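*Asks:* Sequence:
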Amino acid sequence: MIKIYTTPTCVYCVTLKEYFKSQNIDFQEIDVSKNDEHLQEMIKISNQMGVPVVDIDGQIVIGFNKPKIDKILKIKQ
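Going by our numbering, the residue at position 8 of the sequence shown is 8; the numbering climbs one at a time, nothing skipped.
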(Lines of atoms letter the chains of each structure in order from A; the text may use other names.)
(Lines give C-alpha, C1' and ligand atoms only; values in the text may rest on other atoms or scores of the structure.)
Protein backbone atom coordinates (compact mmCIF):
# COMPACT_ATOMS: atom_id res chain seq x y z
CA MET A 1 0.00 0.00 0.00
CA ILE A 2 1.11 3.53 -0.78
CA LYS A 3 0.26 6.38 1.58
CA ILE A 4 0.86 10.01 0.73
CA TYR A 5 0.88 12.47 3.62
CA THR A 6 -0.26 15.81 2.18
CA THR A 7 -1.75 19.24 2.80
CA PRO A 8 -4.19 21.05 0.50
CA THR A 9 -1.76 23.91 -0.23
CA CYS A 10 1.25 21.76 -1.14
CA VAL A 11 2.14 22.12 -4.83
CA TYR A 12 4.52 19.14 -4.73
CA CYS A 13 1.75 17.00 -3.24
CA VAL A 14 -0.51 17.81 -6.19
CA THR A 15 2.29 17.03 -8.65
CA LEU A 16 3.03 13.73 -6.90
CA LYS A 17 -0.64 12.67 -6.92
CA GLU A 18 -0.93 13.58 -10.61
CA TYR A 19 2.18 11.51 -11.35
CA PHE A 20 0.78 8.47 -9.54
CA LYS A 21 -2.54 8.84 -11.37
CA SER A 22 -0.72 9.08 -14.73
CA GLN A 23 1.05 5.80 -13.88
CA ASN A 24 -2.21 4.14 -12.71
CA ILE A 25 -0.79 3.73 -9.21
CA ASP A 26 -3.31 3.47 -6.39
CA PHE A 27 -2.58 5.43 -3.23
CA GLN A 28 -4.19 6.58 -0.02
CA GLU A 29 -4.03 10.33 0.57
CA ILE A 30 -3.72 11.43 4.19
CA ASP A 31 -4.32 15.15 4.78
CA VAL A 32 -2.20 15.95 7.84
CA SER A 33 -3.72 19.44 8.12
CA LYS A 34 -7.03 17.92 9.22
CA ASN A 35 -5.87 15.28 11.70
CA ASP A 36 -3.21 15.71 14.39
CA GLU A 37 -2.82 11.94 14.83
CA HIS A 38 -1.88 11.58 11.17
CA LEU A 39 0.51 14.52 11.47
CA GLN A 40 2.23 12.86 14.43
CA GLU A 41 2.36 9.56 12.51
CA MET A 42 4.04 11.33 9.56
CA ILE A 43 6.57 13.05 11.84
CA LYS A 44 7.36 9.74 13.51
CA ILE A 45 8.13 7.93 10.24
CA SER A 46 9.92 10.82 8.49
CA ASN A 47 11.44 12.86 11.33
CA GLN A 48 10.18 16.05 9.72
CA MET A 49 7.12 18.25 9.23
CA GLY A 50 7.36 18.88 5.48
CA VAL A 51 5.05 17.28 2.93
CA PRO A 52 4.70 15.26 0.86
CA VAL A 53 5.91 12.17 2.65
CA VAL A 54 5.34 8.90 0.81
CA ASP A 55 5.17 5.52 2.51
CA ILE A 56 5.59 2.72 -0.04
CA ASP A 57 5.19 -0.52 1.89
CA GLY A 58 7.32 0.86 4.72
CA GLN A 59 9.89 2.59 2.53
CA ILE A 60 9.74 6.32 3.25
CA VAL A 61 10.32 8.95 0.56
CA ILE A 62 10.49 12.58 1.58
CA GLY A 63 9.24 15.04 -1.02
CA PHE A 64 8.48 14.27 -4.65
CA ASN A 65 11.73 12.38 -5.22
CA LYS A 66 10.75 10.88 -8.56
CA PRO A 67 13.97 8.87 -9.14
CA LYS A 68 13.67 7.22 -5.71
CA ILE A 69 9.93 6.55 -6.15
CA ASP A 70 10.51 5.09 -9.62
CA LYS A 71 13.27 2.86 -8.27
CA ILE A 72 11.14 1.53 -5.41
CA LEU A 73 8.16 0.94 -7.71
CA LYS A 74 10.37 -0.36 -10.54
CA ILE A 75 9.04 2.21 -13.03
CA LYS A 76 11.13 2.39 -16.19
CA GLN A 77 11.53 5.80 -17.82
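Careful, some of the hints might be misleading.
[Unchecked claim] BS3-like cross-link-like pairs, simulated, lysine-lysine; straight-line CA separation at most 30 Å:
#1 66 <-> 17
#2 68 <-> 17
#3 76 <-> 34
#4 17 <-> 34
#5 3 <-> 66
#6 74 <-> 21
[Stated by the list, open to error] Distance ranges between label pairs, derived from CB positions:
#7 45 <-> 71: 28 to 38 Å
#8 76 <-> 40: 30 to 40 Å
#9 15 <-> 57: 20 to 30 Å
#10 36 <-> 74: 30 to 40 Å
Source of the hints: derived by calculation from the structure; they are not laboratory data. The structure presented is a predicted model; accordingly, all values stated were derived computationally and were not measured. Glycine is no exception: its CB is placed at the ideal position from the N, C-alpha and C atoms.
*Asks:* All hints are to be evaluated individually against the structure, with a verdict given for each.
*Replies:* Going through the hints against the structure:
Of the pairs offered as hints, the one joining residue 66 and residue 17 holds, with about 12 Å between alpha carbons and a cut-off of 30 Å not exceeded. Restraint check for residue 68 and residue 17: satisfied, since their Cα atoms lie roughly 15 Å apart, inside the 30 Å limit. Taken as a hint, the residue 76 and residue 34 pair is broken in the structure, with Cα atoms around 35 Å apart against an allowance of 30 Å. Between the alpha carbons of residue 17 and residue 34 the distance comes to roughly 18 Å, so the proposed pair stays at or under 30 Å and holds.
Of the pairs offered as hints, the one joining residue 3 and residue 66 holds, with about 15 Å between alpha carbons and a cut-off of 30 Å not exceeded. Pair hint residue 74 plus residue 21 holds up; C-alpha atoms about 16 Å apart against a cutoff of 30 Å. Evaluation of the 28 to 38 Å hint for residue 45 and residue 71 yields a failure: the beta carbon distance comes to about 19 Å. A hinted range of 30 to 40 Å holds for the C-beta pair residue 76 and residue 40, which are about 36 Å apart.
Range check, residue 15 to residue 57: about 22 Å between beta-carbon atoms, so the 20 to 30 Å window is met. Roughly 35 Å separates the CB atoms of residue 36 and residue 74, a value that falls within the hinted 30 to 40 Å.
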